[in-house]
Amino acid sequence: MREKELRRSMAVFTIGTVMKLTDLTARQIRYYEEQDLIHPERNEGNRRMFSLNDVDALLEIKDYIAEGINMAGIKRIYEFKKVEKPLTNNKQKNNPALTDDDVRRILHSEFLSISGYNPGNKSNLIDPNRFF
DNA sequence: TTTCTGACA
DNA sequence: TGTCAGTA
Numbered sequence: 004m005r006e007k008e009l010r011r012s013m014a015v016f017t018i019g020t021v022m023k024l025t026d027l028t029a030r031q032i033r034y035y036e037e038q039d040l041i042h043p044e045r046n047e048g049n050r051r052m053f054s055l056n057d058v059d060a061l062l063e064i065k066d067y068i069a070e071g072i073n074m075a076g077i078k079r080i081y082e083f084k085k086v087e088k089p090l091t092n093n094k095q096k097n098n099p100a101l102t103d104d105d106v107r108r109i110l111h112s113e114f115l116s117i118s119g120y121n122p123g124n125k126s127n128l129i130d131p132n133r134f135f
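So the first sequence is residues 4 to 135, counted in this note's numbering.
Don't read these hints as lab results, they were simulated from the structure. Be careful, since some hints might not be right.
[Unchecked claim] Calculated cross-link-like contacts (lysine to any residue; reagent style SDA-like; alpha-carbon spacing at most 20 Å):
id: 1; residue 1: K23; residue 2: E44
id: 2; residue 1: K65; residue 2: T25
id: 3; residue 1: K23; residue 2: K78
If you're wondering where the values come from, they're calculated on a predicted model, not measured in any experiment.
Sequences and hints are given; from them, build the entire structure.
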């Protein structure tokens, strides 16, 4: 099914289209790119061109934001994904890699482990207040 | 018209 | 994040 993956990674949307698709503002989309959460391609005119994958990523990011996770937290999640995915793929070529559900589960525990109060630590990734 | 970057609130 | 400026 690599034909499908190929299409999903074809950059065909302008930021205007992505805005409608994701309900995000151009400002937010550009900011997420700055944070290395998405990597849209650029066309001849330096315009961002997004793929279906980018849109998916954006929708995912939107969910995390809605859940109260800040940029630092989301960045961690994405770093985590980048490292864990290839790792499990190498481990066993036949067995399916982590399912999205597995990732969710792992991310959840990861999330909980960094959600506690850390009074003296100003680098808190999650705002504790969101739990009240 | 649409999008881009940079900057300020 | 919103918004404004000056471009391409």
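So which of the earlier hints does this model not fit? Checked against the structure, the only hint that fails is number 3, while the rest are satisfied.
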